[in-house]
Structures are given as structure tokens and as C-alpha cells.
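The two chains are supplied separately, each in an independent frame; assemble them into the complex guided by the hints.
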Amino acid sequence: MVTLTIDGKEVTVPQGTTILEAARSVDIRIPTLCYHDRLNPIGSCRMCVVEIEGYTHPMAACTTPVDDGIEVVTSSERLTRIRQDSLKLILVNHPLDCPVCDKGGECLLQDLTFEFGIDQLEYQAAKVERDSQYASPLIRYWPDRCIMCLRCVTACQEIKGIGAISIAGDGYGAQVVTVDADKCQSCGECLQVCPTGALTEDLSRYKGRTWLIERVPTTCTYCGCGCQLELNVQNDRIIAVTTKDGVGINKGSLCVKGRFGYEFVNSDERLTKPLIKRDGKFEEASWDEALDLVAEKFSAIKGEYGPGAIGGLTSARCTNEENYLFQKFMRAAIGTNNVDHCARL
Amino acid sequence: MAEILFSSWGGEVVDNRQKDGQDFEPVNTVDLPEYFRQDEAVKALMGWYGIVIRDPETDIVDLSRVYIQEVQNKSCGKCFLCRIGTRVMAETLERICNGQGKSEDLEILKRLADSIRESSKCNIGQSGPLPIIDALEHFADDFAAAVNAKKSVTPGTYHAKLTAPCMDACPIHLDIPNYVECIKEGRFAESLDIIREKLPLPGVVGRVCVRPCEEHCRRMNLDAPISIKFLKRFVADYELGKGKEPEFTITPSEKTGKVAIVGAGPSGATCAFHLRKMGHEVTVYERFNEPGGMSAMGIPDYRLPRPILREEVDRIERMGVTFNYGTTVGKDIKLSQLEAENDAVFIAIGAQMGTTMGVEGEEENYAGYISGVQYLLDINQGRDPYPEGKKVAVIGGGNVAIDCVRCSFRVAKDDVNLIYRRTKNEMPADDVEIHDAEEEKVNFHYLTHPVKILAENGKVVGLRCVKMELGEPDESGRRRPQPIEGSEFVIDCDIVVPAIGQTMDLSLLEGREDVKTTRWKTIVVDEVTKQSDQPKIFSGGDCETGPGALITACAGGRTAAFNIDKLINGQPLDYSEDDYFDKFFSKVKVFDPAEDIGFLGGRERKELKMLDPDTRKFSNAEVEQGFSINDAMAEADRCLRCYRVATVKV
Ligand SMILES: Cc1cc2nc3c(=O)[nH]c(=O)nc-3n(C[C@H](O)[C@H](O)[C@H](O)COP(=O)(O)OP(=O)(O)OC[C@H]3O[C@@H](n4cnc5c(N)ncnc54)[C@H](O)[C@@H]3O)c2cc1C
Ligand code: SF4
Ligand code: SF4
Ligand code: SF4
Ligand code: SF4
Ligand code: SF4
Ligand code: FES
Numbered sequence: 000m001v002t003l004t005i006d007g008k009e010v011t012v013p014q015g016t017t018i019l020e021a022a023r024s025v026d027i028r029i030p031t032l033c034y035h036d037r038l039n040p041i042g043s044c045r046m047c048v049v050e051i052e053g054y055t056h057p058m059a060a061c062t063t064p065v066d067d068g069i070e071v072v073t074s075s076e077r078l079t080r081i082r083q084d085s086l087k088l089i090l091v092n093h094p095l096d097c098p099v100c101d102k103g104g105e106c107l108l109q110d111l112t113f114e115f116g117i118d119q120l121e122y123q124a125a126k127v128e129r130d131s132q133y134a135s136p137l138i139r140y141w142p143d144r145c146i147m148c149l150r151c152v153t154a155c156q157e158i159k160g161i162g163a164i165s166i167a168g169d170g171y172g173a174q175v176v177t178v179d180a181d182k183c184q185s186c187g188e189c190l191q192v193c194p195t196g197a198l199t200e201d202l203s204r205y206k207g208r209t210w211l212i213e214r215v216p217t218t219c220t221y222c223g224c225g226c227q228l229e230l231n232v233q234n235d236r237i238i239a240v241t242t243k244d245g246v247g248i249n250k251g252s253l254c255v256k257g258r259f260g261y262e263f264v265n266s267d268e269r270l271t272k273p274l275i276k277r278d279g280k281f282e283e284a285s286w287d288e289a290l291d292l293v294a295e296k297f298s299a300i301k302g303e304y305g306p307g308a309i310g311g312l313t314s315a316r317c318t319n320e321e322n323y324l325f326q327k328f329m330r331a332a333i334g335t336n337n338v339d340h341c342a343r344l
Numbered sequence: 000m001a002e003i004l005f006s007s008w009g010g011e012v013v014d015n016r017q018k019d020g021q022d023f024e025p026v027n028t029v030d031l032p033e034y035f036r037q038d039e040a041v042k043a044l045m046g047w048y049g050i051v052i053r054d055p056e057t058d059i060v061d062l063s064r065v066y067i068q069e070v071q072n073k074s075c076g077k078c079f080l081c082r083i084g085t086r087v088m089a090e091t092l093e094r095i096c097n098g099q100g101k102s103e104d105l106e107i108l109k110r111l112a113d114s115i116r117e118s119s120k121c122n123i124g125q126s127g128p129l130p131i132i133d134a135l136e137h138f139a140d141d142f143a144a145a146v147n148a149k150k151s152v153t154p155g156t157y158h159a160k161l162t163a164p165c166m167d168a169c170p171i172h173l174d175i176p177n178y179v180e181c182i183k184e185g186r187f188a189e190s191l192d193i194i195r196e197k198l199p200l201p202g203v204v205g206r207v208c209v210r211p212c213e214e215h216c217r218r219m220n221l222d223a224p225i226s227i228k229f230l231k232r233f234v235a236d237y238e239l240g241k242g243k244e245p246e247f248t249i250t251p252s253e254k255t256g257k258v259a260i261v262g263a264g265p266s267g268a269t270c271a272f273h274l275r276k277m278g279h280e281v282t283v284y285e286r287f288n289e290p291g292g293m294s295a296m297g298i299p300d301y302r303l304p305r306p307i308l309r310e311e312v313d314r315i316e317r318m319g320v321t322f323n324y325g326t327t328v329g330k331d332i333k334l335s336q337l338e339a340e341n342d343a344v345f346i347a348i349g350a351q352m353g354t355t356m357g358v359e360g361e362e363e364n365y366a367g368y369i370s371g372v373q374y375l376l377d378i379n380q381g382r383d384p385y386p387e388g389k390k391v392a393v394i395g396g397g398n399v400a401i402d403c404v405r406c407s408f409r410v411a412k413d414d415v416n417l418i419y420r421r422t423k424n425e426m427p428a429d430d431v432e433i434h435d436a437e438e439e440k441v442n443f444h445y446l447t448h449p450v451k452i453l454a455e456n457g458k459v460v461g462l463r464c465v466k467m468e469l470g471e472p473d474e475s476g477r478r479r480p481q482p483i484e485g486s487e488f489v490i491d492c493d494i495v496v497p498a499i500g501q502t503m504d505l506s507l508l509e510g511r512e513d514v515k516t517t518r519w520k521t522i523v524v525d526e527v528t529k530q531s532d533q534p535k536i537f538s539g540g541d542c543e544t545g546p547g548a549l550i551t552a553c554a555g556g557r558t559a560a561f562n563i564d565k566l567i568n569g570q571p572l573d574y575s576e577d578d579y580f581d582k583f584f585s586k587v588k589v590f591d592p593a594e595d596i597g598f599l600g601g602r603e604r605k606e607l608k609m610l611d612p613d614t615r616k617f618s619n620a621e622v623e624q625g626f627s628i629n630d631a632m633a634e635a636d637r638c639l640r641c642y643r644v645a646t647v648k649v
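Residue numbers (numbering that gives the first Met the number 0), protein chains in the order written: chain A, 0 to 344; chain B, 0 to 649.
Only chain B is shown next, with the shape it has when bound in the complex (with noise of 0.2 Å):
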């Protein structure tokens, strides 16, 4: 990394300005990416924790003059500070910098910008002008020459942005801090609106999202995240309880064509969407009778009921896109005849298919034997799989097993077993889901692994294990887990689900060699546009990423969308300004969690009522309760809006 001259991110100021290259004091607060885009050097950033320069030449008075600009045409206008002192500042740097400056104006920016850091409802005001406090304070020299030079300094070139942890963190970067604010305000329509400006599944992501926006949520600093998740499902529940139809506008682009999406999952629903309100027409070909994907086949109903799913989805069909249910993409239809009839093809066929543990027993078709992904389908569509069996053991760690064995009390089996290699510790399932899992009384075995399926007359009647201990870190950072000798026992079951992990069925792909693969049987696509190396091919959602998250999906088929109708519109498929800041941000982290905030915190973050574990397992009723209204709007008022800015020099 070329080496920084100055840098007061984070508080920490390394000033090297004085130094010869080698004495150079090293920068720990921030990685400043050496270029922005190809052929763009990053030179200065100036943002909401500080100031980072590497190019001697960068004139720090021009940098402040477009950031704090920048801050004010981000203010919201909310709170007196922020809106007109902002301003004042931006028309002052604006004077000093065509040469007009005052001796007293550099005073009044720092009285400003104090008021402004101090007091401002949120932190578009509270950061916004630190770097300039910073600026005055180590550049003085430069601002004091530049007040009594009397002439125009010459501008740079600029990239600027506004963000939030909360937003950075989430994959599709919804406006969190602003349909949050609606809530606070009880404009509720408002808020479902900028949610789904990007996102057509509110209703189910409000209920199932990984939440990774709560995991960066700044107000963890104080107490404890805001509960993101929930607030949107606050609002699509708001909606669908009043009954109400969401108007959406199609705005046609300039020129409109026609897409095959293949598969209704989530990914495949929200490219569909996106597409259809840009006016294309939309196809979109699923092998089940109903959409969804994973979230209605994988997700059981108690998490996710089915009904919500499916107006949500309806509303996308209402909107005048058509669903071909029952038709497998490679066997119904191939693939290159919707390449040759539709002017882009949008692959989403998520990871259907489980993987197998490499354990003794998998291949011998024992009844009783049954992949977690299959076994929930099943339950999913109101089947038991294995009526004959009633003690099960489930083995994975993640939240598919965490399905399986919730779902199989709401099947009738009573003795339930999870059974995981490590310790509860490096479980990824989700906490909540492990919890509520515990609640239900599931027995879990920590540290065991699965050696042996037993049979008798082609059943299983059992599981030999053999006890585990945590050894040194793998490469993932885990400690590895190692068979401890002797320690083989059985576990009584007749069923055994293997939830390990699943995998992609590219068998539409047969005889296309033109598309790529990875060895992990993902379809290579560039991971911005979502192009395949066939121009017309597009791929994204758990086929693209291998099996993860539903919002992922969701963010791969809404940037597929914009970038199909780029390429209908014979437009080339170049990344945008905000594409190279999701790069620069990633090494730029947006939220710290070692940041004090500074302020009284102690607000308790409002919870969901849930249904009774002892009788909700045994039903499909949904487990969490949503917000009331008095709540919904309490806890969006826990937000502190933690916008910020920044400005890059090029």
C-alpha cells in the first residue's frame, strides 16, 4: 500500500508530513484502497470519522469544500444545526476557495462546525463536519494561506456518498435509518414504500432475514441493535391487515424487451419484479406449483406462513408478470430455446439439493433416511415423510438443521436429536433459532459425530457417534474438532437427516459447456452485473453464491435486473459509482464497533411476544407475534440515524 501522509480516522492522527518515506508512522484505524476504480488513485478521503491523505498534492481546503457540500445536500432538514449550518459552512469554504475569503471566516467554521457536531439530532450533523474541525486544527498553514491568497484554488476531482452501517451491511442496501425514521413517525405506507423500492418481500424478510444490518447496527454500541427485522415486517403486516393494494408505478426504460427468469425463489421474484416495473416483459418458469423457492419449500410455515409468501408473490404476478408453475427449465423446456426466444435469460435455481456426510450407511437407501432439504419439502407440503418413525436425530449445525428438528415436533415425532461436531459456540445457526430450539426441547448432542447408520431390514434403527474435542484453528478460524478415541455410543433413532449443507442441480446446464461452472457446481457470473461469459445468460441467488441467505438472493436479482435492461437497452455493462463504493467500503469499514458513541444509552430493545413452547410445537402457528403499534414505533425511535458521508479524491 502506497504509505499515507496524514490521517485522523478514528481520532488516531499519524502525521507524516514532516517524515522521510521510511520513518513513515503506519495508519491501524483505516486500509485506504489504493484505487477507486481501475484508473482512479485514491488520493484523500475525507468522511464522518476523519481525514486519510496520500497524495501530498491534495489541497485540503478544495477537499473540505466539496465534503461539507456534500453533508449539506445530504441534510435531511430535520434539525436546525444541520440544515442552515451546514450550509453556512459550504457557502463559506465556497467563498474562501474562489479567493473571497474573511480573516474571521476561519472562526466561524469552527465555532460552526462545534455547534453543529454537539448538538444535531443525527449523525449526519453530529459527524459531518469533524474532518473540517480536524482540517482547521492540522492544516491551518493551508486554510490561513488560502484566506489571504485571494485567489481560486483549483477543484479536484471527486466521488462522494452517503451511507449508513446499517445500510452497507445490508446486501441490498436498503434505506434502513430512513424507512426506520417513517415508522418513528407513523408514516407507514411511506416506510413500506422506500423498502420496497428495492425489496418486493418485505413480509418475508421481515420474518426470516439473517439480519446482517443487526449485526452492524451502531446502536449495539450503546445497548442493543434496533430491531430492523421486525420494523419491516411491522409494516408489510400494517399493510396486509388493512387489506391494501401497493400501487406500483412501471416506468417504462427507453427500450423494452422480454426475460425468462428460471426459478420463482426469492432471487428469481425480486428480478421479475424489478424488470416488470422497467417495463420488460417477464417470464418467469418454476418446476414446483407454487413460488417461493426455499423460503416455502426449506422455511417451515411456523417461521414463515405460507400466505404471506404467496400474496407477496402474487402482487409481482398482479403487476403483469407471468408464472409458468410446473415446468422444469432442461426437461419441460430447454434452456436454449428461452435463450433463443427472450432477449435475456435470468438464471435462479437456487441449491436444492442436499449433500451427503460421507458416512457409513448414506448409499444403502435405508427407510428412514432422508436429506434435511427433502425431509422439510415434504413437511412443507403437509406430508410426514416417514410416518413409521418417531425418534429422530438431525445432523448439522446451521439453520436448516435447526428446521429439521423443529419441524419434526410439528410432525409428531417425540424424541428429536441435533447432532453437531463442535460446541455450541461456533454453531452458525442463528442464536434466536438455537434458543427457541432449546425452548422446544430438543436434545442436543455438542462435540458428536455421526460414524455409522444402523439398519436392520433396510431401516434405520440408529445412529453410532463418536464423541469429539476442539483442537487447533482451521484455516476458517474454528477450532478443528477430533474423534476422541473410544468414545463411540449409539443414538436410539429411526430417523436420520443429514442437514449439512446443500449443492446445486445444474442439470439444465447439460451440454452447455459455454456457461461456467465452479467446482462447487456454482454458475460463474460477474459477481456486479451477474453476467455470465454468454452475454445473454444471467445468473444469481443461491446457484451464484453457493446456499446462503435469502436478501442475498434478493440483491443478486434486483442487480441482474438493472443490468439486463442495460443490456436491452444496448447500454454497456459498466459498473456504477455506487458499485466502486461497495468495493472502497469494504475496506473502509463503515461501522465500528469499538466507536463510543457518547451518549446515554440504556433504551431496552422492545421483543416479540412468542407462542407458548410447550403447545406451539406441536402446530404450525407462527412462533413470533409481531409488533404492536405502540412498540413498532418505540423501538424505531431507539434509531439514531447514523448517516455519514464521504467524499474521495481522485
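If we strip away everything but chain A, and leave its shape as in the complex, we get (with noise of 0.2 Å):
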């Protein structure tokens, strides 16, 4: 165990726990940007720096280690400055068009910029023109919103293991580029972790504002992972899909599937009602005679050939408890073990 004092508060963490994290552990709030609890400290923004007494260099509290003894500070005019021109220089060029960003009212820029006051902006470099190809057709990168906070490019990295995106040019020049584009799986991680409205999903722009959505908790379909998603609903539409960080075994991961294929829900073209098959054509009917047409049809087979001719297949997509209510169902009602299930294929 170290221990050290921040802003005169003495703290007693583990070895290898960073300055950010130990003061997080006592509540001390130092300003982060790039910083991301699910990665590997990124390091690009700047905004955590601290002095150390002794050293003359600030450092940055989310890549230095904790050592024993060492007296750290968070807040002084000279690491005002800093941040406050850290924030200066990437609104140089920013577009503002908060109000029709996807992103606009949880934009950790946003917040920054309002917490820091930066209300005028004294410096000027060209505009630099820059590429918005991106490595899935599913999620639209905005090249001049982006702040290099590289988070995206490092989930890519660090949590998919797959490297689809990286930076490439060299100073102001330089910006997020797609690697290999076959090798994206478009699994949206980048975009769950970009802290602004760089990356937005590419489905559902402009259909809704986001203090204006309702995040409704639940279990994503698609498999038997379980993974923990949130649709974003607004108007009784789905009009997105997120996660929480750290939240299910997911802990803010999701495939493709979960992340992206929730358009069906509204889709016009998915059946509400049952069809039966008349004349070699279907035709709506009502839920009774549906059912009564099954149940009929259902025990003349078993009548004629016993239970042992009828088998039930059911799907990865249900719940637990569908599942299980059906082999109730095939045992019970129909009297067979004929019965599986596509997950186990």
C-alpha cells in the first residue's frame, strides 16, 4: 500500500493505482475527457493534470502511477490554464451545431466547455479538410466534431482486439481513420465510448433529442448472452439502442445485432396478426381461431399417430421463461420429449 496526500487529504491505495483513481476513491474530482472506465488510460486530453510538490512538470493523473509520500495537487491557476487552453484549442474549428447534434445535452465536451466558461476563443488555425469514410455504414463519423480523445480507437483496440480504426496524419492534420474495413464487425463499440457527437448511429439521426428520451432498461433478444441494453424510445418508437457502462455481463458491449437491429420492432411489414392459410392464401384472423385451428389440428395428429409424431423447435430469441413454458407445454400437454432448441445446433 502507498500513501500520499491529495489537495491535503491523505489517501491509502494499492501500488499501481493511478492519481485519478485514488483520488476518485476519496472523492476528489479531478476533470477528465479522454479518460474512460473501461480502457486503458488514453492519455490525449489533457484535462486531468496535476502538480505534484517537488516536480516541476504537471502530470497527467490518469496515466501516473501513485508513489509513497507525494503531495498532489489538483486545482491551481497555472492547471486552470492548462485546461481551460486545452478546451480552447479543440474548440478551435469545432463546429457548434449542439443543437443539431445527436449528441447535444450529454456531450462531455459541452459539459466541459460550460463548466469551464470558455466564452471567447482567442485562437485561430485553418480549417483543415478532412475525410468521413468510416469503417461501418452503420455509424456516421464527423470528422470536425471529432476531438482525437482517441477512445474509439482504442475500444477498437483494447475491447474488441480487432484494430479497424486508427489515426493517421501527422500534427493538426491528423484525424481517426478506418485501417481495414472488413475487419469491422460494426459492433458499435467506438460510438458507445466517444464521448461527443463524432460518432453517431448512422439509423436513427435527427429522430429525437436526447433529453427528450426515454431509456427503457431490458434484455437484448438476439441470443442467449443476455446482454443488458436500454431502448431509447421516444413517441412509443424505438428510435436507438444503448448501454450503460458496467451494467450486465455486457458491461457496456453489444454485437451488431443488439446494438443496430432494432428496426423491425416498427417495421411495417412485421405481422400483428395471426394468418390462416385459405384457399392457398392467408388471411387475417383473430387469436381464437388461430388458436383453435392449432389445437384442432394438433390432436387429430396425436390421435392418429400418437404424441411421439410431433416435435417442437424453439428459438434462442425468447426468454428463459418462454423456453421453459414450452417444453412444459410439448411434455405436458402435447406428452413428448421431442423438443430442442436452436441454440444447441
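Calculated from the structure, these hints are not laboratory results.
Check the hints yourself; a few may be wrong.
Mimicking DSS-like on lysine-lysine, the simulated pairs with C-alpha atoms at most 27 Å apart in a straight line are [stated by the list, open to error]: (1) B:K228 with B:K586; (2) B:K241 with A:K182; (3) A:K126 with B:K150.
Below is the structure:
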């Protein structure tokens, strides 16, 4: 264990803990922008710089491990100047299109700009034309909104182990680029960690404002993993799927189906009433009619050939409860053990 | 040296601008060369450590503009302040130089310079704005005048370069900060690509390099150097472990030709690799039946397992290089024939002969007297050079001597002695090697010198030695050992192995007086282009430099390849800007061991696991076990990324 002080408060943490983690453990807030709980510290934004007594150079709290006896100071005139400059530089040529930005209202950059009261920009640089191609057609990249925090690149590398995106170019011309679109699984991990509106879901652009959306927690129905997700609902329509970092077994990750495969819910082609085939054509019917018909046919088959002639297959997209009921129905009502499930194949 | 007008290099300000020539204060922090190249006098330097001005006509504002633009060009874009801030600074200075400066510009420059310097993620941003801060402070009038003048300045002529302490120290100038950063970010394949851009033998060099880079690693000023060598080994092993075949793209030069290479050691192999990458037809002639030169025949398997070496050379073969093993040039085929049949010949025959000590009994051909190189060669080929002998005395203090003693255990010699005439402090062998030999329980006889080999019936039976003491320092700065009278004693042994040095076997040059050699039997070539007096003959590696290090041999092979390519393409073999910068940085030191970095240090360097000394010494198994993925990434994370930019006005 290592003991240090942060803003005069004594903290004892295990060796290898970063200054940022140590500060958080005693509820001292250090501003951060690029840091993300699920990623190794990136160190791109420099918002978290702190001073350590006796050392001339400020250091990033997110990347610096603690040391015994150090005295950390998390705010000073110098640190505020640095943090303000970091934000001001990011805002050079940042399109202030917050009103039409899908992230407006829950954008970390907006929040910090507000917190540090950035109301004028003395810095200028010529704008650079940037390429907005992205690895996945389901995600849109807005290069002018991108702050180059590199959370996306890090998430694709560290969480997915894929490395479909990287950065290219030098200096101010550097930007996030696709290195291998074929490798991209459209999982949206990058989208999930992006603190700004630089990556947006391209299915739901301009469909809702963040503060009007209701987020309904539920379980993904696509496979047996049981990922936790939130349906983003506005006016009774699902307009996006998000997840909460650290929640459920998926802890904020989803796959392409869970994150982007929701449009069927509101699809016009979706069946909402049972159909019965009469004279070779499907016709709408009531539930009573349809269920009676099925019950009658099953009883007939069972009577003539015995229950062994009937088998049942269910789907991984059903819940555990549904699957339980199904096998119960097959065994108790039909009287057969011929029951199976697609996830077993 | 022409006098320096102003310097803030290394934080020490010397300002001679208002003084008469004879009152000039000297500058102690930097040795600024007078010339960049023959016809270009160095007028000023702006770089990571300050400003040095020699020529009073130097326009500091224009120099600042060019310098910070270069910093911006080299900014990697991975942190906010350097990426955007240096661009804002560059554009502001550009405007001032165009006569469109505003009064608030100078405040903006100062404020940004401070913020970028104090908080950037790596040394480009941390050191980049430093000389601008110096310039704004010490040349305030020039800046004020430039802002008020509203007319553009005349741009000067400049040379600029990105370097880093480790990178500059590495003979082949591997892009160390970059390949280390890739490891930190888990991009191992990319890291290996960066290494292989220059060096085709990462698994070999990653095991046995003498690592001048680590001796110049800036992290040392905080705690301990980065484990640069073993990180290289890690990425090489990672790929091997995955069984992945690297993809080498061959980009043919405009004109391609035929090149013969003599010697398949590290130097020849590296040369072959680069020539092949440029599309040339390459044939390597090697007298042994396997590649690697001293790295196969000298360096023992427990330090460098042969399959690693073999695989890395085989990959060069699979690129389309022909290897003719078992062919001695000078005997099986004449040098003149190679010269006639090829556009160029690269001689990389190494320093493969042991030198004698000049001790009584050496010329007698006693059984049990074996030169160090021969001793290792035999053992590396699986032979015990003298099975009868059990007690070994090795003479020498270098890595070869240590290899000889440690190898002795591995052919079941149980009494192993090392005799060195100075103390452990002066021993040229790598500290790690000495430590490992101590662990394996070699008997070290320091301050001891052999005087006579004792023999009976033509067989070695002992070595008479004399005790030494250290006297006055000699020209190498080491204290000269002197014998202590009457201190003679005998070491009981039946094998005597002199391992005090190697020399070249130049028999392939017999009758070729046109290819010059020195009195140390090295081949004379241009130090940069590696071309000899005979335009078609190039040479590099140990036979050019004398017995040296593997990475230097590789570097020689690489430069030779590029110059052979120029020769084939009818281009002049001029030195490049990089070559001149190499010379420049040999004076203007890139690494300052006294620099106070101002960061919190104390992060432990990751060490490799080692086999147990008591059992490993009887086996050829590799002693050092490579990094785990986690250890490699944690070690890479310690790197400070000490890139820095220098701009020279000529
Ligand atoms: C015991 C020992 C341990 C060492 N340990 C280290 C170490 O840990 N780290 C390090 O950096 N360096 C080490 N070195 C030095 C390093 O091995 C050499 O600097 C390096 O191998 C030189 O490479 P080269 O290609 O110039 O020559 P060599 O490796 O000597 O290769 C020359 C090749 O040319 C061949 N050849 C010679 N004459 C002819 C001919 N006429 N025709 C055809 N082929 C010919 C030889 O057979 C040989 O294969 C060690 C050296 C020795 C002897
Ligand atoms: S990314 Fe944030 S700051 Fe930028 S436009 Fe969108 S909401 Fe505004
Ligand atoms: S969608 Fe997934 S795989 Fe594609 S770039 Fe983003 S994180 Fe990588
Ligand atoms: S796209 Fe988003 S996550 Fe990626 S670098 Fe830009 S702002 Fe950061
Ligand atoms: S070069 Fe260094 S300081 Fe500059 S952007 Fe990259 S990490 Fe930051
Ligand atoms: S810390 Fe990294 S960049 Fe700096 S000298 Fe060492 S290896 Fe090179
Ligand atoms: S949060 Fe530490 S550098 Fe961004």
C-alpha cells in the first residue's frame, strides 16, 4: 500500500493505482475527458493534469501511478490555464452545431466547456478538410466534431481486439481513419465510448433529442448471452439502442444485432395478427380462430399417430421463461420429449 | 570554433551580443559544429534544449517560424495541446513573418507555449515550444519589431530533423519510441513492421544486442532505462509464436542489378534483405553450411537459440535471395569473378580469427590450447573441442570470454576460471553477462595476467600467472595494470582459451592491393557509403570496423545496400541530410544524462524470468525467458517518447 495526499487529504491505495483512481476513491474530482473506465488510460486530453510537490512538471493524473509520500494538488491557476487552453484548442474549428448534434445534452465537451466558462476563443488555425469515411455504414463519422480523444481507437483495439480504426496524418491534420473496413464488425463499441457527437448511429440521425428520450432497460433478445441494453424510446417508437457502461454481463458492449437490429420492431412489414391459409392464400384471422385451429390439428395428429409424431423447436430469441413454458407445454400438453432449441445446433 | 553570440542551450543563458569578441563568454552546454556540410556554415540552432546563435544576421523570428512548423509536422496528433497548439503557434508566426502580425500575437504565443510545454503527453510537445519561450524572452525587441514592421521577412535556409536519445544512439537508428508505443497500445504487428523497416533480425538483435540505446535512454534520469532490447524480442517472438509469415513488399528501384555478398553474417544478411526489397538479384556466398556468422558460430545457443536465427535468415531467402553455403570466396570462387559477374560486391566476412596473447608456450600447439573463437565454434556445432580436459582457464574480459566460460559448463567442464588483468569495474563485458556468469559460479581471477602455458608431453597442465595492480590511466582513460613482482602463481588447468580479441582473415583479398586495408587488417571504405576505393566493392560489419557489435554490423549492411542501389542507378553516392545530421548530433548531444526531467519517476523496470543458475549451466536451453504480454505492455508504458526536433540555419 502507498500513502499520499491529494489536496491535503491523506489517501492510502495499493501500489500501481493511478493518481486519478486514488482521487476518485476519496471523492476528489479531477476533470477528465479522454479517460474511460473500461479503457487503459489514453492521456490525450490533458484535462486531468495535476501538480506534485517538488516536481516542476505537471503530470496527467490518469496515467501517473501514485508514489509514497507525494503531495498532489489538483487545482491551481496554472492547471486551470492548461485545462482552459486544452478546451479552447479543441474548440478551434469545432462546429458549434450542438442544436443539430445527436449528442447535444449529454456531450462531455459541452459539459466541460460550460464548466470552464469558455466564452471566447483567441486561438485560430485554418480549417483542415477531413475525410468522413468510416469503417461501418451503420456509424457516421463527423470529423469536425471529433476531438481526437482516441477512445474509439482504443476501444476497438482493447475491448474488441480488432483494430479496424486508427489515426493517420500528422499534427493538426491527424484524424481517425479506417484501417480495415473488412475487419470492422459494426459492433458500435467505438460509438458507445465516444464522448462527443463525432460518432453517431446512422440509423437514427435527427430522430430525437437526448433529453426527450426515455431509456427503457431490457435484455437483448437476439441470443442467449443476455446483454443488458436500453431502448431509447420517443413517442412510443424505438429510435436507438444504447447500453450503460458496467451494467450486466456485457458491461457496455453489444454486438451489431443488439445495437443496430431494432428497426424490425416498428417495421410496417411486421405481422401483428395471425394468418390462416385458405384456398392457397393467407387471410387475417382472430387469435381465437387461429389457436382453435392449431389445437384441433395437433389433437388430430396425436390421435392418429401418437404424441411421438410431434416435435417442437424453439428459439434463442425467446426468454428463458418462454423456453421453459414451451418445453412444459410439449411434455405436459402434447406428451412428448421431442423438444429442442436452435442454440443447441 | 567561431564564437557563439547567444546560447540558452540546456537552460544556461550566455549572452555575448553586447560584448566585444575578446570578452565573449564561452558556452559550455553545447559544442556547435562550424559546418553542417562542407559548404554550409552553421549559423544558428534552434532545438529541444534551447537556442544557439553564431551569425549576427540570424533572423530569430523566421527561425522560430520554421522550427515550430517542423514541431507541428512531427506532432503525432495524440494529445490536444501539441496537435492543435503548435499549429496555432505556427500559423501565428507565419502571419508575423508575412507582415500581418498583431500586437496580441506575442501574448498568445507565450501563453500557448507555456501550456503546451507544461502538459503535453510526450517530449515533442514538452520540449517543442521551449526555444520559442527563450526567443520571446531574450529577443523581445526582434519580435516586437517584426509585429510592428508589417513587412515580410526574408526566409533563410534550414535543415530540420526529428530524433530521440535512444534512436540517435542506435547504430541503425531504429524508430524506438514508435515501436515501443505500438507495444504499449497492443499493436504488436505494427511494432514489428517498424523494426523491420530497417532490421530484418529482430529476434536475434532482441536477444543479444549490446544496447547502446538503453545506455542513452532518458528514462534513466527518472529511474531505469526502458527494456528496449527485450521489447524487440517480445514482438519478434509473438509473431513466431503465432506462426505468421511476414509480408515483405518488394518495391523495385528504377534500375535493378546483380549483387554478390560475401558472408552470411548479420551484416551480409541485412544487406541482402534491403537489396532484395529494392528488387535487386542477390547471391550470398558463405563458407559455412549455415547463416549467421558469429551470431551462430560465436554466440552460444543458451543466449540465442539457433532456430530463431535460422528462421529470420530463411525469411530473407524466401524473399528471393540465393544463399550459396559451403562456398569460400578466395578459394572456391575468386573475388574477381564475383566482381566481373555482378554490378557490385559487398564484403562482410567478419573478424573470425582469434588473436594470440604473446605468452610463452602459445606457439607450441599444445593439446588443450584453443582460441576462444574456435572453442565456441566447436561447442556451437555440438562438439566438445577437447573432451580429455576438465579444468578450463579462459583469458579475457569481453563478452567472448564470458561466452567461453559459460559454454564450458555446458560441455561438462567443472572447474572454470576466467583470468582478467584489470578489475571487474574495467571489464568491457556486459554487466548482465558478468552477473550471469557469477551466478553460474565461474572462478574470476581479477588483476591477473598469464605469463606461461605449462605443458607435459605436449598437453596443457597449467597456466602460470602474475598478480597485477592498477597504475596510471592510459590513453583509453583506464588505469594501466602493472605486474606485482614475485607474485607469480599457477592455475591448475588442462585447457587454456585465449579470448582477448579477433582479427580478420583477408585471404580473399590476396593480390588485390587496389582494395586498401589498414594495419589492423580492416578493409578501408568510406565511413558513410561503405564504398571502397574500387567503386564496385563495398564492405561493412566487423571486417570494416574491427570486432564490434551485431547491430553495428547490420547498420553497415543496410547503408551499403542503399549506396549499392544508388550505384546501380547511376546516382552519385552523396551523403544524405540524415548522414550530415548523424555527424551533427555526434557533437550536439541528443542525450543529456544530467537533464532534470521534472517528472515523478519510480516505476520499476520489468525484468525477464531466468532459468535457475544451478541447473541451466549444464544445458543449452535459453536462459532468459521472454516477456509476457502484460509485462511487455507495462514496460512499454514507461517510455517517455523522447522525440525532439532540431532546426539548423545554414
Ligand atoms: C563469441 C561472440 C559473442 C558475441 N556476442 C555478441 C553479443 O552478445 N552482442 C553483439 O551485439 N555482438 C556480439 N558479438 C559480435 C557479433 O557477433 C559480430 O559483431 C557480428 O556477428 C558481426 O557480423 P558480420 O556480419 O560483420 O560478421 P560475422 O558475423 O563474422 O559473419 C561473417 C561471415 O562471413 C563468412 N565468411 C568469412 N570469410 C568468408 C569467405 N572468404 N567466403 C565466404 N564466407 C566467408 C563467415 O563464415 C561468416 O558467416 C559476439 C561475437 C563473438 C565472437
Ligand atoms: S459534439 Fe458536443 S460540442 Fe460538438 S456539436 Fe455535438 S454536442 Fe456540441
Ligand atoms: S464498430 Fe466495432 S469493430 Fe467497427 S470500428 Fe467500431 S469498435 Fe471497431
Ligand atoms: S470519434 Fe469520438 S471517440 Fe473517436 S477520437 Fe473522435 S471524439 Fe474521440
Ligand atoms: S507528439 Fe507527443 S505531445 Fe505531440 S501530439 Fe503526439 S503525443 Fe502529444
Ligand atoms: S524513454 Fe523511450 S523514447 Fe525516451 S529514450 Fe527511453 S526508449 Fe527512447
Ligand atoms: S483524462 Fe487524463 S489525459 Fe485525458
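Results of checking the hints against the structure:
This hinted pair checks out: B:K228 and B:K586 have alpha carbons roughly 26 Å apart, not beyond 27 Å. Straight-line distance between C-alpha atoms of B:K241 and A:K182 comes to about 19 Å, which keeps the hinted pair within the 27 Å bound. A threshold of 27 Å between alpha carbons decides the hint, and for A:K126 with B:K150 the separation of about 25 Å falls inside it, so the pair holds.
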